[in-house]
Every structure is written in structure tokens, then in C-alpha cells.
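Those protein sequence lines, which keep their order, are chains A and B. According to my numbering, the first sequence is numbered sequentially starting from 4. According to my numbering, the second sequence is numbered sequentially starting from 2.
Think of the hints as simulated: they come from the structure by calculation, not from any bench. It is possible that part of the hints are untrue.
[What the hints assert, rightly or not] FRET-style restraints, in silico, Cβ to Cβ: (1) B:78 <-> A:92: 29 to 39 Å; (2) A:160 <-> B:95: 18 to 28 Å; (3) A:209 <-> B:34: 20 to 30 Å; (4) B:111 <-> A:160: 27 to 37 Å; (5) A:98 <-> B:82: 40 to 50 Å.
[Claimed, not checked] Subject to a maximum C-alpha distance of 25 Å in a straight line, what follows is the list of computed DMTMM-like cross-link-like pairs (lysine to aspartate or glutamate): (6) B:88 <-> A:17; (7) B:88 <-> A:168; (8) B:88 <-> A:226; (9) B:88 <-> A:185; (10) B:88 <-> A:114.
Owing to the predicted nature of the structure, the values given are computational and were not obtained by experimental measurement. Here a beta-carbon is modelled for each residue, glycine too, at the ideal position from N, C-alpha and C.
Chain by chain, the residues run as shown.
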Amino acid sequence: MRFHRDAFLSGVRDVAPMMLGVAPFGLITGVSAASIGLTPTEAIGMSIIVFAGASQLAAIALLEQGAAVAVILLTTFMINLRMAMYSASLAPWLRTISRPMRSLMAYLMTDQAYGFSILRFRRDPDTPKREYYLGIATPLWFLWQAATALGAIVGTQVPEDWQLDFAIPLTFLALLAPAVRDRPGLLAALTGGVLSLTLAGLPYNLGLVLAALLGITAGTIAERFTTATTSEDAS
Amino acid sequence: MTYPYYWALLIGMMIVTFALRASFVLLQDRLTLPPFVRQALTYVPQAVLAAIVAPALFADSSASLGGVLDVRIPAALLALYVAARSKSVLATLGVGMGTLWLLSYLANLAT
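With the hints as extra help, turn the sequences into a complete structure.
Okay, here's the thing in C-alpha cells:
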């Protein structure tokens, strides 16, 4: 299969403005890794092996709290569940691509790679899928590696009284705020947050998992109620 | 080596993450998501992020920090306000860290 350079470059152009947001996030992740005592090698290893921003930051926060490995893995699972949705949504467009290439594309999957690709594929179904997707995903991969590595190296030089570990919860706050778009979402967040605080005493940070599950349940039930009232209003 | 199971953890995280990313892309014809799962998935980010952030902010286990521990709460509340208004990571970090540093400095002066 010929490599369509134009489609690749078109992806690169589309993703360029996103770099501005990803670079600081990568730096923070690297600095956070250093702030909990991970060496640059360990931090860079995480970025290459896992390559998932929010889960990396969550793993760092949980390692600091002394969470069990199983709890960190469960958290990784929950944070990345949305990737299964992306995967389901992209799958029909990628049927003709070879299995090894699809595996590489899966490894490189990010919010941006999915978001840009699905929009482009729907608007212009003749787009060379593999090239456009890689045009989005590859620059992000390199940027992520560079930014986290730089953060991890610089972070070890920062004195402890700067309290840079506080950047971890702050970044999660900044990710959380735009995710709360409606009342069920707010209820899910409040339930998750309050219960997690209440259950913080449970062993292995199991409270986190329990609180998250109950938060998801609360949001889902609240949505049922909201849609039920709306349809009653409509009738 | 601060965390003994670190590299095993990374392999585990890779397996979990890759399985989710590759799920439908590799096995599309054999998998479908039931509607209630799709609906529940929309609330995963809010619930999980809040569950991670709340104890990290309000029940910090590093009690040895002493006086510093208290100043994290006002800094976090102000940062939450900025996060909700601006939806910007950099603004949230700037205000949160700035407030923390200022309050820590003041707390040190007082003691």
C-alpha cells in the first residue's frame, strides 16, 4: 500500500495547534514523576511503555499515596475506558489496514488522534486513513516523550520546598472542570469525590475504586431521571 | 529504587491500556458495547478524576509537612474556581501553585 504523504502532512497541520496544550501537560507529568522520587529512566520508561497522559499522572499520584498495584491498574482501566469507545468508533474505517499496522495505530491512540480522525473520515470518507491518523498521532507521541523526559530531568533539580507534587491534583482539577458539562456529570463528580474522601481509610486505596464506581452509577441514574422528566415535559 | 514493583506495574498498565485501545480496532466483528455501558462510560471521567483528586487535596497523607498541609486547602479551592471558569490547565496551575507558595511563605513568617 502506497504511503500518501499529503494526508500525513494534513494530519500534522491539523494537530499542530494542539501541541501547545500537550507540551505543558507532558512537562507536568515528568516533573510530577520526579517529585515522587522516580528517576528520569523510570519516568521515560512509563511514557514509552504506557503512553497515556491522565493514567500516567494518576499512577504517579497513587504511587505517592502508597496504593496497591491492583488499584493502580483498575484506575488505569477506568481512566482509559473511553479508548474502547474510540476504538469501536474508528474500527469500521480501518478494516482494510493490516493487523500489525492497526496494532501500532492502537498503541498511538489518544483523544486527539481519535477526535481529529473521526471528524475527517466522516467529512471526507476518501481520506487515506492510515496516513492521516499517523499524521495526528506520531507528532504527539514524539512531543509527549520529549516533554515528559525534559520534565523528569528538570524536576529532579527542583528543591522540595517548591512543593511541585501539588501540581498533580491541580492538573486533575483542570481536567475535571471541563468534563463536568451537565447535572448528572456534576453529581458523578461530587459522589466520586466525597465518597473517595470518606472511604480514604480503606486498605490499598480501594475507596477510590468504590467511589468511582458509585459516582458513575449516580451519574447514570441521574441521567435516567433527567431524560424521563424531559420526555414527560415534551408530551 | 523507591517503588519495588515499578516495572511490573508499567507492563500491567501497558496491557490494560493497549487492550482497551486495540479492542475494537483489532477484534471489531466479535465485540459490541451494550447501550447502558455506553451511557455509563460518559460519566467515567468525572467520577474517576474527582475520586483521585479529592483525597490528594484534602486528606494528604504527608502529615509530616506540618503547617504546610493547611495552606493546600485554600489554594486548591481557588484553583478549582479558576479551573471551572477558565478551563485552562496553565491558569489552574499558575493560580494554585502561586497561592500555595504565597500562603506557605506567610505561614513561615508567622511561625
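Comparing the hints with the structure gives:
1. Range check, residue 78 of chain B to residue 92 of chain A: Cβ separation about 37 Å, and the 29 to 39 Å hint holds.
2. For residue 160 of chain A and residue 95 of chain B, the Cβ-Cβ distance of about 21 Å falls inside the hinted range of 18 to 28 Å, so the restraint holds.
3. At roughly 26 Å, the beta-carbon separation of residue 209 of chain A and residue 34 of chain B lies within the given 20 to 30 Å, and the hint holds.
4. Checked against the hint of 27 to 37 Å, the pair residue 111 of chain B and residue 160 of chain A passes, with Cβ atoms roughly 29 Å apart.
5. Taking 40 to 50 Å as the suggested C-beta distance range, the pair residue 98 of chain A and residue 82 of chain B conforms, at roughly 47 Å.
6. Using a Cα cut-off of 25 Å, the hinted pair residue 88 of chain B and residue 17 of chain A holds, with the two alpha carbons roughly 22 Å apart.
7. A hinted pair counts as satisfied when its Cα atoms are at most 25 Å apart, and residue 88 of chain B with residue 168 of chain A qualifies at roughly 21 Å.
8. Of the supplied pair hints, the one linking residue 88 of chain B and residue 226 of chain A holds, its CA atoms being roughly 24 Å apart against a limit of 25 Å.
9. With a C-alpha separation of about 15 Å, the suggested pair residue 88 of chain B and residue 185 of chain A falls inside the 25 Å cut-off, and the hint holds.
10. Of the pairs offered as hints, the one joining residue 88 of chain B and residue 114 of chain A holds, with about 17 Å between alpha carbons and a cut-off of 25 Å not exceeded.
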